[in-house]
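Asks: Sequence:
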Amino acid sequence: MVERVIGGNLPRKGEFTMTNPVPMTEIWRGPFLESVHLGHAVICDDTGQIVRSWGDPNARIYPRSSAKMIQALPLLSSGAAAKYGLNSEHMALACASHNGAAIHTDRVSAWLDHLGMGDDDFRCGPQEPADLDARNGLILDHTSPCQMHNNCSGKHAGFLTLNQHMDAGAEYIDIDHPVQQACLVAFEETTGETSPGYGIDGCSAPNFATSLTGLARSMAWFASAADRSDRQSAAAEQLTAAMIKHPELVAGEGRACTELMRAMNGKVAIKTGAEAVFIAILPEKRMGVALKIADGTTRASECAIAAILVELGVLDADHPATRKYMNAPILNRRNVDCGVIKPAAGFI
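1032 is the number of the first residue of the sequence shown in our numbering; add one for each residue after it.
Hints were generated in silico from the structure; no laboratory data involved. Every residue, glycine too, gets a C-beta built ideally from N, C-alpha and C. Treat each hint with caution, since some may be false.
Said to hold, decoys possible - Calculated lysine-lysine pairs in the DSS-like style (CA-CA distance at most 30 Å, straight line):
1) K1276 - K1298
2) K1355 - K1298
3) K1355 - K1276
4) K1355 - K1373
To be verified - Taking CB as the label site, the calculated pair distances span:
5) D1261 - I1170: 41 to 51 Å
6) G1344 - D1137: 30 to 40 Å
7) L1064 - E1202: 43 to 53 Å
8) L1171 - D1261: 49 to 59 Å
9) K1373 - G1110: 41 to 51 Å
10) C1369 - G1110: 48 to 58 Å
With the hints as extra help, turn the sequences into a complete structure.
Replies: What follows is the structure, given as structure tokens:
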């Protein structure tokens, strides 16, 4: 059992300052530039070295939900996933920020049943589902959303599975709990950095800070997992394959993660995080990508990750899914084409 606890959950003043962000995404309305989103991005190779970067590669960030596959590593490497008979769908859900659609909540509910647990065992909190059918169903039934509707319920089902395997206490989200300490070890091992601290995520679990390079290095480690034979690498390979196999479980219909992974035909796993973080795992190229839009705008991170993936040759610029997020028309309420969202001049 790991007992080390990083000191405090608040970084020192200035710790998270992101200097020198560069233009990544532009919003044009008619003939004029209306808005510009600045950010940082890093591509690392399988040796952990920077292949290319934009802005400040040392910018310290919270990866938010983009790091869920790291948080899922102990679930597999501990033997808990095998012990409880988890399959690729469970693994994809453990990495998911899902819409709360029936395809998500039904599977999470069955997972809890398999553990002999229920919604009250979660510590992620209830959330209104993003899926319209699920939301309307709750309204028609005069029912409130439960914790299974939380976009992180798959990750928390993974935490509960690991926790049961460890026979640890119920408060699995506490920073000194064995579940979170195992996540910290996995995080620092794969990023190659000592985390300077943590914040509490929207789902109440600790979210460990790292540099953008550290996050890209971790994703490159995932991308090259097939080249190694240790238990952690085998877990990483399984998680990446599960995300690629089940893109609809990782996010949901109408979401960039799902649509862009489908467009890349099983070549790449991608994952968004709150406040405009995005990662990509490219197994064929043994590369990892991490980006962060400084102002936290998701439309900008979706455009920027699409542009990087096009530049790397794994995403077709003219695919309909790509055109939804990059070089995409801005339509008003009468469906009139008013402008475009596109990569900033000189970004790619």
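Asks: Checked against the structure, which of the hints given earlier come out wrong?
Replies: Every hint satisfied by this model.
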